Amino acid sequence: MLREKRSPVLLTGVMVAVAALGLACGSSNNNKGNAANTAKPSASSAAAPSAAAPSGGTATAGAASATKAGTAAANASAPAGGAATGAKPADAAPDDQQKLTIQLPAEPETLDWQVSEFEQDISVEHLLARGLFYFDKDANVVPALAAQMPTKENGGLSADGLTYTIKLKSGQKFSDGNPLTAKDMVYTVQRAMDPKLAGNYAGFFYDIVGAKDYNTALGTKDSPKTPSDADLAKMKAAIGVKAVDDSTIQLTLTKPSGSFLTRLGLWAMYPVEQSVIEKFGDKWTDPANIVGNGPYVLKEHVEKDHLTLAANPNYTLDPKPLIKTLTLRVIEDNVQALNAYKNGEIDGVNVPQQQAQQIFADPSLKDQLHRQPRQETRGWEFNDAQKPFDDAKVRMAFAKAVNRDDYIKAVYGGIGTPATTWLPPGLPGYAQANESIQAFDAAAAKKLLSDAGFPNGQGFPSVSLLLTDTPLNHTIFDFLQKQIKDNLNISIGSEFVDAKTRSSRYSNKQFTLFYGGWVGDYPNADDWLPDLWTTGGSTNKPGYTNPQFDAAVKAALAETDPQKQAPLWSAAEKIMLTDAAGGWLYHGEMVMLFKPKVKGLTGVSIDSGWFGSELFETTYISK
Amino acid sequence: MATAQTQPALSAFAAGEVHGKQRNLWVDAARRLSRNRLALFGLALVALFIVLAALSQTPFGISLGRYAPYSYQNYNQIEKAPSWQHFFGTDELGHDNWSRVLIGLRVSLGVGFAVAAIDLFIGLAVGTLAALGGRWSDNIVMRATDVAYAFPDLLLIILIQATFGGGLWQVIVAISLVAWTGIARLVRAQMLSLRENDFVMAARTLGASQFRIVVVHILPNTLGPVIVALTFAIPAAIFAEAALSFIGVGLPAPTASLGRLVNDGYTLVNVNAAVVIFPALAIGLLMLSFTFIGDGLRDALDPRTRGA
Amino acid sequence: MTGYLMRRLFWLVPVLFFVATITFLLMHNVPGGPWSQDRPFPPQVEANLNKKYNLDKPLLQQYVIYLTDLVHGDFGVSFAQRGRPVSAIIKSGLKKTAELGILSFLLAAVVGLTLGTVAAFNQNGPLDYACVFFATIGASFPSFIIAMFLILLFVVKLHWFNVIGFGSWKNSVLPVASLAFLPASYISRITRSSVLEVIRQDYVRTARAKGLAEPIVDLRHVVRNSLIPILTVLGPIFAALVSGSFIIEFVFSIPGIGREFVESTFNRDYGVIMGTTLFYALVIVLANLVVDVMYAVVDPRIRYS
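Protein chains in written order, with the numbering used here: chain D, 47 to 669; chain G, 7 to 314; chain H, 18 to 322.
Derived from the structure by calculation, the hints contain no laboratory data. The structure displayed is predicted, hence computed values, not measured ones. The hints are all genuine.
Here are the simulated EDC-like pairs of lysine to aspartate or glutamate, each with C-alpha atoms no more than 16 Å apart in a straight line: (1) D:Lys301 to D:Asp607; (2) H:Lys68 to D:Asp268; (3) H:Lys69 to D:Asp328.
Facing chain D, a subset of chain H residues (Cβ under 7 Å, in silico): (4) Gly49; (5) Ala64; (6) Lys68; (7) His176; (8) Val268.
All residues carry an ideal CB built from backbone N, CA and C; glycine is no exception.
The shape of chain D in the complex, shown without the other chains:
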């Protein structure tokens, strides 16, 4: 799912207070506080979110990665409780100086990892808890709590591909010192699917036997169901998860899946301690109560101000964190965050698009700059069911009419890369060969438009682009409307609305032209193509439909071997690119500055929140 970070990107506002005072100057009174102020909702189209997760693969890919040296991947191969303790680098400063303060661009919605969906939430939760699997620097899935990757060869996966038997590393503990056993994992899975908890990512695990039945037990508004507590308990017990013994968990699926282990590594499956949840209820995420099993514990949380995390002395995985105190300062205004960084108030900061060029050009900042391509794609989305965009030629004309190089340079300040494909580079299934299909070609675009019955743009109906009202989106619109005017001789209008209005109109298909896209949750194309673009998919709002594409996706989904699966994804993508289901313009990138004293940062394409967040334990302060 595309998680939009709800940070107001930049805003400002007041003025009505100002205005009120101004008016009052005249004479009498006037006092409206600052009633209408401001805020800016997230730049949806632009700011970005990201998600978590990883790997190209599956079981076998994970196993392969276990041999990789260095960083966190090392612990994947470490036997339970064994070696690889993450020795301190020679140039590390003493422990009392291992303190780091970085920008968190928005206040977390919740720290309950079975509920969360936003990037800033997940970045914190990833430090507070760890699941059965996580990801290495190449975003391959590797074991965390699990002793090894379950495969058919080692008996971890049944021959029919439906039953996973996962051994835990021995001696695992929660941060309160209590043992973490297979029973806790069973409780975690059941809690994640609890319809009364209403976890946002529950839908990711519907392929576990009985999970969907339990999660949908309450019905919808139009067809409510009122199961008894006994019924609910029965459905909960029917979920295909059980503890074989204290250190073995067994999961049963309804159908084989190539990405299941990857999804098991996502935040929604991080363990929770039953006694804590039952004791504190909704308040369990308060600093005094929260218990996880991650490298850090939550010491302090002042909403919309900061979170303080301290190294967890009971952390049982390796490597151990080198930074002892991490402060996440909630700063929504990226401009001021950068000023705070320059002023030495924080050690790490996001680089806003508008300031990127200047920072890239500054030699003194070169060694502080950290860049990591993200699994993110943005561009045109059309209402494929409505004129004029029901005609693939028109859609392709729009796709081919935009000069991506200028676009990245002028609009995004050089952050990100030009896109002509839907699947971002690095994602298994991405194919260089598909790049040419939507490549910028003004003459071809013009011809396509003419073929569609609008020579030189004549007779083209009026269309407008639906966007959230943010400064970045103003720039995006200004640029795109000019490209379309220059290359197709069509004047497109704009509709700037607030983020929720935009989302709701999109969901209800009330748009003709939309600036949309996707940020991957985990590195498998099954997060990118099915449902989003298949006929009748619940998130297929453009309404694209092509039976050939549907068949190609189905074929890819049926293949669980990642090596064989990738070309099938490429073939499917080729169909939707050729039909110009959408027109893609931008692949995202995370760009941050860290003070020179911050060392050991490792960027991963699934970093969530900040550069190096996925493998944060290796980060340290140098002398």
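For chain D, the structure is supplied; the task is to place chains G and H on it using the hints.
The following block gives chains G and H in isolation, referenced to the frame of chain D:
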């Protein structure tokens, strides 16, 4: 408060009296205003801005803006400092900032005057109703302004835009719906005070009708402070429009108001301060000019400061 | 007067009720809901959320539930800060905002009154022009522009102060100054004209004619008498400052109530929208009441009966 039938002769006499006084008041005021250098400076600046705005883009080939404010984009001239080629520099798309500030002036002034006109209309009507309609209507009307004051205007604006689409008039109406309360309260206070004044008493004693008293005696005497307030309401509306742009519920791009330019430029302040300084300066100068004019008008219209 | 006050306070109830009703209707009619996002949740997930927060009930029923809870002092919970009570949000937001607002108010009052008085007593002198210049400039720029340039100068160039947060003097100076600029210049303008007006009054001339020494005339007669109209504007300014400024709180990353008020609207965070709007309504109505009372004090011809 129905009064007895008017006695034509007497009330005509009374009216004549007041008219004479009025004329003197306005003539006096104009003379005093013309001696106020700051006010003259403000007037001149506003006039200059109006001319700049009007001539920024013309259909006749010669435009003060020199470039098309929206469609001129030069990706090889990005974020340049001011020069002869681009008086106010360029932004991240290579837009010419000078042409955009001029068109922004036009948009912002338009919003300011339109909102002031609507405010005047609503404020006078509501304020008069409250002051002269009796105790109950006063109470109800003033509580209604309390509600309007405390109104969740942000929600209203989002709703207006969702229902009628985002556009210039929607924004103007949205601002007006919130801003009229100030004028209404002022009108009411002024009228309550005037109602007890000697000359109104005199007119009433002479048998002038309620309507006549309001139109001939009270309304004109209310106008002075109201005009002053309007002078401040215009830049206040420009500020408010800027606020809406900042909030993200303002005029639809590419339309560039001064507020939009400032807000979009805010993200560039560390990169190319020219992009934000000039529109900010334009807002500041507008505010300054209207403040001078307003102060001048108030002094000129207030007989107590006569001779000061 | 007491009767009048009682009546006005009684009116609080219907005014707040209307505001609550209008806000409730509006917020449920603007497009989108708390869970709207580009890629919507699976319908079931959204259904579970709606059920959990009573959003699946008919609107009228939700309204009755809200009002009933409200009467019992329960403001509901936030969605955007999942499950956090609205009363806790208002409380913590108000604390920061009030600290910031009171400091700014004091600064604005001291600076404004001083400049205004100095200007009036030096009418048309260089000091007068200097004060008027400051006052006009201060009122001519939106607070965020002022904040922006203060930050450029004192943070980016000089490194004197911090830009993030509020609390220690190092990070409080700039937000307080940015917020105080506009009201300070406004107060100084009102003070100047008010003092000037008093100076011209007959009784001051009389006092002078009686041979009272200038400073005594200044203090006893002029300043005291010119305070009254100033007081009428200090009320609303105080109300505006302590009820929060989104912009200053946003720019300086201060978790105040101004931010909650604005951001809740964009998040469709129904409970927080209601809570903060009602809070604003209360502040505004009370401030208007204070002003009306002040009018009566200033101008005895206005009668409240």
